[in-house]
Amino acid sequence: MPGKLKAKIVAGRHLPVMDRASDLTDAFVEVKFGNTTFKTDVCPKSLNPQWNSEWFKFEVDDEDLQDEPLQITVLDHDTYSANDAIGKVYIDIDPLLYSEAASVISGWFPIYDTIHGIRGEINVIVKVELFNDLNRFRQSSCGVKFFCTTCIPQCYRATLVHGFVEELVVNEDPEYQWIDRIRTPRASNEARQRLISLMSGELQRKIGLKVLEMGGNAVVGYLQCFDLEGESGLVVRAIGTACTLDKLSSGSAPNTNTHMHPNTAPASNACNSPSKDGKESPLAHGCRSTHNSPVHSVCSSQRLSQNFSVSVPTLIFTGMGSGGSAGKEAGPLRTLLRQQTQTALEQREFPFFTLTSFPPGFLLHVGGVVSARSVKLLDRIHNPDEPETRDAWWEEIRQEIKSHARALGCHAVVGYSESTSICEEVCILSASGTAAILNPRYMREGCLDIGCTDHRFEEPSPPNCGFCHIPYDELNMPFPAQLTYCYHCRRQKVPDVLFTTIDLPSEAAVAGKGCLIQARLCRLKKKAQGEANATAISNLLPFMEYELHTQLMNKLKLRSMNALFGLHIQISVGENMLLGLASATGVYLTALPAPGGIQIAGKTPGDLSSEHISSIQKRINDTIAVNKELYQINPPELAEEGVGSPIPEPRHRSRLFRSHSESSDELSELDLSHGKKDAFVLEIDDTDAVEDIHSLLIDAPPPTGFYSCNTENMPGISNWTSGVQMFTSVRVLRLSNANLTNQGLNKIFTDLCENLLKSFYFKLRSMIPCCLCHLNFTVAVPEEELIQVTVTAVAMTYDKEQTQEKTAEKPVNKGSLEAEEQLQFPLELCADSSSSNIQTASKISGVGESTNMSPRAASVDYGSFADRCSTWLELLRLKAHTIRRGSVKTSRRTQSLAHSVSSLERCSPLQEGRSRSLRSSRSFGGSSVTVVKMTPLSFLPGTRIIKYLGIINMFFIRETTSLREEGGVSGFLHSFIAEVFAMVRAHVAALGGNAVVSYSMKECVFMENPNKNQAQCLINVSGDAVICISETDQESSASTANTGQTGGSETDGAT
Amino acid sequence: MSVELDVFVGNTTIMDEEVYQLWLDGYTVNDAVKVRMEGGVMDECEASKDVLLSDTMDQYRTFQMCERLLHSPAKLANQLLFQIPPHRQIMLIERYYAFDDTFVREVLGKKLSKGTKKDLDDISAKTSVTLKSCRRQFDNFKRVFKVVEELKGPLVENIRQHFLLSDKLARDYAAIVFFANNRFETGKRKLQYLSFQDFAFCAGQLISNWTVGAVDNMVEDMDVDLDKEFLQELKELKILITDKDLLDQHKSLVCTALRGKTKVFIEMEGSFKNLSRGLINIAAKLTNTKDVRDFFIDLVEKFIEPCRSDRWSAADMKLYLTHYTNSAHILDTFKHQVVWDRYMGVVKSCIFKMYHD
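Sequences listed follow chains H and S, in order. The first sequence begins at 1 in the numbering used here and counts up by one. The second sequence begins at 1 in the numbering used here and counts up by one.
Note that these hints are calculated values from the structure, not bench results. Not one of these hints is a red herring.
Derived CB-CB ranges, DEER-like:
| no. | chain 1 | residue 1 | chain 2 | residue 2 | range |
| --- | --- | --- | --- | --- | --- |
| 1 | H | ALA532 | S | ASP25 | 57 to 67 Å |
| 2 | H | GLY530 | S | ASP31 | 44 to 54 Å |
| 3 | S | GLY40 | H | LYS526 | 43 to 53 Å |
| 4 | S | ASP25 | H | ALA625 | 39 to 49 Å |
| 5 | H | ASP78 | S | LYS228 | 41 to 51 Å |
| 6 | H | ALA21 | S | LYS118 | 19 to 29 Å |
All residues carry an ideal CB built from backbone N, CA and C; glycine is no exception.
All chains should be modelled from the sequences, with the hints used to inform the complete structure.
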């Protein structure tokens, strides 16, 4: 009997009128845990009853404490007939089970009814007394902390990262049980809510056990999902990363706050990312992805996977020319490093990490995106206690991911996630992540600090480019890629494009701002049943992925960027179509070569008038130029020549963008040798292609004052102000005309997404300047002719002024002439040295020290300069370059100087005027004391999290039989989402928190039957409840903050 | 292809004040979109008509959901469904309870009953305030009336506390409630020139001087009903016109004081007896509910109109009434000084307010 749960019902308010005669209610409360139920007295004739009950005590196993929710039912007493239920409150008591989190749950909870929604509020106090002998009960895992956050939580330090944990539990869905035919919708909904709550509790407990076995004390990046498989059952599954976390004292600066200030990451981080080898062979990017579809037959239980396995050859979407640069052997040190890490990781079945951002130095190299999908036919789950089939399916997929990572020369997968899409009996399982090489120190037992020890004997690889260096062997590349020497350190090879599912590392050097890039795709498919259907779907998948990647690549080029972060590809299956949506944040990594433009070519010269082609070409070039300005992409390399900017003459251009910043002619020639395989020549061979190109150009840039991304950090913006607005938006489109083509569908789908974005910009215009962060799109095909898009994101205001002030104080601002001077000098050196690198590749390892050193230092300087560069200066330079392009090389410097002077005068007033208009309205989000902020990010700007109170994981069902009366489908869903927000906030407030971080809406399943005036919706949300304090408060009253949380941090006394 | 469902829900409820006003004014979604387009919001964020329509619908839905809470504004502060910053809550309430002076002028003094509600479409047509807005305003009046009817304590304060309104708005509502309760006639043609604010001022005077609450502040309905005892005592004032000596004495005192100070002295002297009879007759009749209702029309007919036809200026009026009131104190045989002051104080300030074109 390791625990005693105590609950007290204090009062109710705003109760609904249950007795029409008196316009009042005779309310009482049932408190239930497990099989024990207590009742309060009836509080007669009041809509604001005061029960002030005794403490109801439940003596229970801690296993039950973890699994079961506390169930509070408010009823209306009726002397003659059955008591009417007003509504329920489920309280997850998990947060009370670990010592560091909340100690009491106390507050007002909305009373929720699945038919009527929120009906008044109830004030409850809940406490738990745990006995100390709980270690004997290994069935429970009390004390393991769970975090949805996909980075090491603020105010903690990871001493050890153990790795992947996963678990799934299955059950029959109450909605499909025979009893559902005779019970009320309310009873059925409540049975489902309760079951799912129980299952998530069980799942969390089981995962906790695994963590304890591994020796960890926490799960970070906890991702729990439901698969509503209909007839065949209900699956709740979860993955996460087991860690050993240490609480940081509030006095010491948390290392995690670096991700809030990427540009100000402490210089000491540099030595935190040692790679044992100064000259690792660089390289790699791209995506690998496979499709596997072993199909199960429904009727026979025998597995037919062997016969039916539809294995699609692994597709590689890099699209770049073959890598042909001269290589070098990996140094022995590096091999050693790899072996060490490998052994550390190989002990684990799956070296996967659900984290998306890491402590500095954790991530050594990134290979590229790995993903796997598999199409399955669902059959009934016969024995809920043995979920082997589902386990085996995921096992298969994970193995595949693992082997892809191997092929990329990586021993780990980071930013790993899993998802499903179900339509009737067909289910697509997907997994994706980023192949990477990690620093072994985090995996080894007994190595404690991130901070300092090892780098004595290692030459640190530059922190701002190290992760870009290829992890695989360039002589044995897993896919064709074009490698160049890193534009930062000049020593390692880097790919020309990098795709990842993780967040932009805080130390990465970027130019300009990032932006949201989406690829959208619809594919019609014939309606079919069973195996035929599954086969059809798996046949379509590779083509969809290919097209999505092509779209992404093109859009990336169009924005003149060279890397994608936070890539998430969702493929959703419906009865007669498949929807694909890829979202990512594009960014220009200065370590990678500048992207080339896009070249349009007719397949056969006579086909389309060259006039037409050149007009399209011009539009594309213009778009690229506009985007460069918009995202302020002015990498240092640009100073060398007009590289990467669109150049009207196709031939010239291909040559120019290949040559990048290398100024030596030999080098350009060298690169040109494989320039023929340029993936960015778009061929217009039919009208479809024309449509495709048009659709490329449809994506409207966000209006002035807005930026958008789908990652935790917005590349290029870090000076957030306090305005935060989290929102959820759902839009469902009905396709009316039956004869839609793929093209038509694509257009509709693209418009849907674009219009949603436009709506957001409009609604949030009062927050300008502002950035939409963590834009998370989810698509679904709920019915044959419906497309549903659900978006959750947060809008955050930032200070435009501050950026400029910051730049002003840097040494850069000595005047444009001097800046130009600085620009030219290092770059020429760089160019020289890089050319010598290539020509005498064998020498590099030895010679590099002397010749490379100085240019590298210079270019690094310049890189940081570029980061801080004030906008007008950048604009000025851009202008100068545009003018300079094509000028004779020898006269370059003087010419550019002249231009820069003249354009200075032209540009600055314009820029000032613009910034003034942007600054005009920045007042939003005035807050009061009771406010609970929510954000999908792991932090709240301007605040510091001082305590994590526990995970919020809630599942709600809402149903109506009076759809019209509730304002139609929109009215119904609008109030339901508002109710869900309200319940999340109430639970957080009751835990003593004031914010939810890493909030996400995992599921939003909406079904309607307008003819019957009915609708039903299921929503699952999760996040971390936290207490955060404003950073300014903290500074001004540091002492009070410290004393206020003495319970949490032991070292307080010392500081 | 059609949008089946379209919602946007913020953790902090997003409300556009302009759209809120359009909603309050009873615009349909489509009309509101038109107004917004003309207002030029579209240029702000490169929005299209669809975006505007979607935004307007979202906001209208939000307002509809909030409306229930706005009926008892105290709930807005401690409800959990919408997270609305306090200053926004204040704005929402204040605007919801705001009303059109033209509309309220039409229903002022009428019984807040279903019968009146049925006439709202006529009022809507007459005032060109949309029917929807008329209904909201009417229901607000009724709701406030119903709540304060049963409360003890000062009227304005009760309204302010229960509906979280500003002082100004609470006073206006007190006036509306007071007029509705006493059914003052305000609709006659002769009273048309008076605005709602004129009446609201008078109501304020009556409430603070002539009601039960003016003497005892813990009685039910204290501010809504006139003090019956006081109304009885007003009959005593008749002596000022029935006693010929007193009337002459009063007249000569007033005329002495006014002589040489005004251009219309002759007219004042000539009409003194008539005017004095008028005012005192009004006072004496106030025990009848019917005559209470005609209080304002009587003031206009018996006093304001005669003066106006004699071309008194507002200053003349002030001068005259001041001396008229004060002189009564000097009359030795006139013993009802307290009642006189209580009566004339209100009548004086009401007439000052009502004496305009």
